[in-house]
Structure formats: structure tokens, C-alpha cells
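Quick mapping for you: the protein sequence lines, in order, are chains A and B. For what it's worth, my numbering labels the leading residue of the first sequence as 1, then goes sequentially. For what it's worth, my numbering labels the leading residue of the second sequence as 1, then goes sequentially.
In short, the hints are calculated from the structure, not lab data. All figures in this text were calculated on a predicted structure; none of them were measured in a lab. All clues given are correct.
List of simulated lysine to aspartate or glutamate pairs, EDC-like, C-alpha gap at most 16 Å:
#1 Lys101(A) - Asp101(B)
#2 Lys93(A) - Glu95(B)
#3 Lys101(A) - Asp129(A)
#4 Lys93(A) - Asp69(A)
#5 Lys133(A) - Asp37(A)
#6 Lys35(B) - Asp17(A)
#7 Lys35(B) - Glu14(A)
#8 Lys93(A) - Asp129(A)
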Amino acid sequence: MTAGEAAKLTGRPEVLDGPFTTPQLLRLDEALRLAEDSTGLVFSVYVGDLDEPVRGHAEKLHAQLGRVDEAVLVAVSPNQRVLEIVTGARARKRIPDRSAKLAALSMAAAFGGGNLAGGIVAGISQLADQAGKE
Amino acid sequence: MSIAETLLIFAGIPAAIVAAVYALVYGAGGRRASKRYRPGRPFAFAPVWFVAAREHGVPASPTAHAVTAGTAKPALEAGGTDAVGDEPVTVQYGETGGASDSW
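Could you put together the complete structure from these sequences and hints?
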């Protein structure tokens, strides 16, 4: 049984037990959807612990996404206080590493102030802006 | 006014008000504050993984959001358990770019 089925049985989605409040979840959902609709890339956000090496684990998560070449993963580990942005081969052409670093910097600044959801939303919109239109 | 009445009015009532304010602050507000992430404090929440809802063909709505997050979770657990065994797979995607940062 998947987590989704479990959520249907209990009537309460498990994601509500996560670190975000309902308004934050809605904002995150909106940001992901807008980013994906405007760029055509696959955006994904992971919040949780990453195994060492952190970069390798983030790349492994990225490889599990559909359309890997066009996928952009933002992996945030609040415990380790690290964040990784992984872009697929085609996504990398539209979001150069330097732009990804810029988004990572602004996200890290928000996370340092304790603003997890706000940092993620701002980072996604920055990455989507950089990727431009489809 | 007897001593008992005096005590009740001048010590009992202020004590009750203090207790009520204490309960309001730490009873109701404390639970909400625990959701917040504070740098340096342990982060005990279960990992979450969000994918935009478009992939599943579900129109945007609060329920669609829940479904997205829920279905994404098994993939995450699979990645976590066999983290060591699947190491060579990532080599195939060596063209990945991106950036790292810490705070």
C-alpha cells in the first residue's frame, strides 16, 4: 500500500504532518505548478535528510523523476543545513549552473532566517524565471 | 472580611488570571510554533517530496495537492533504503548540473 492509499483510508493526507502549514503547502503547490506550466520543465522539491554523499543522494532522487533530462530537483536538508539543486542535461542548458548557484544563495539566505517555505518558493520562481518560456 | 476571603480575592484571582494567560500562551500557541523550522534546532519531520500536479493530470486543488505529495513518497523511501546499492545508476546521469549551498 502506498502512502497515497494510506492517506485515502485515514482521510488525512500525511503531508500535513510535514514541516509545512496548509497555506504554505498551497503556496508551494502553486509555485511548482506555475514553474512547470511556464517552462515545460519538471520541477520537484524534496525536504528531508540526505545520505552522505549529499550530492550523490540528491542526484539519485533526481534520477527517479520522470523525464530526467528536463527535471529540476531542489533538495533541502534542514538537519544538515545543506541544499542541492540538480538539473537534468536539457534543463541545465536553460538553467546554467551559475544561475542555479544564485538561486541556491538566495534560498540559503531565507533558510538561515528560518523561512523554509518562503525560501523554496522564491528559489523555484527564480529558477523558473531563468529557464524562461517553453 | 475574613483572612480566607482576603486570600481568595487578592491571591486566588490574580493566580487564576496568571494561570489562564500561561495556558493560552503555552497551550495553544506552543503547538503551532513547533511546526516552524529554526536553524540549529533538530528537524524531526518525515521527509516530503513534492512534484507538480500536472504530471498526474489532476487539476489544481487542495485534494490534488495531497495526492501529489502522497504518491511521491514511496519513490523517496525506495531511494533512501537502497542508497548504497544503486550508486552506479547516478553515473549514467553524470550530465546533471546544478548548485549546492549550506547555511
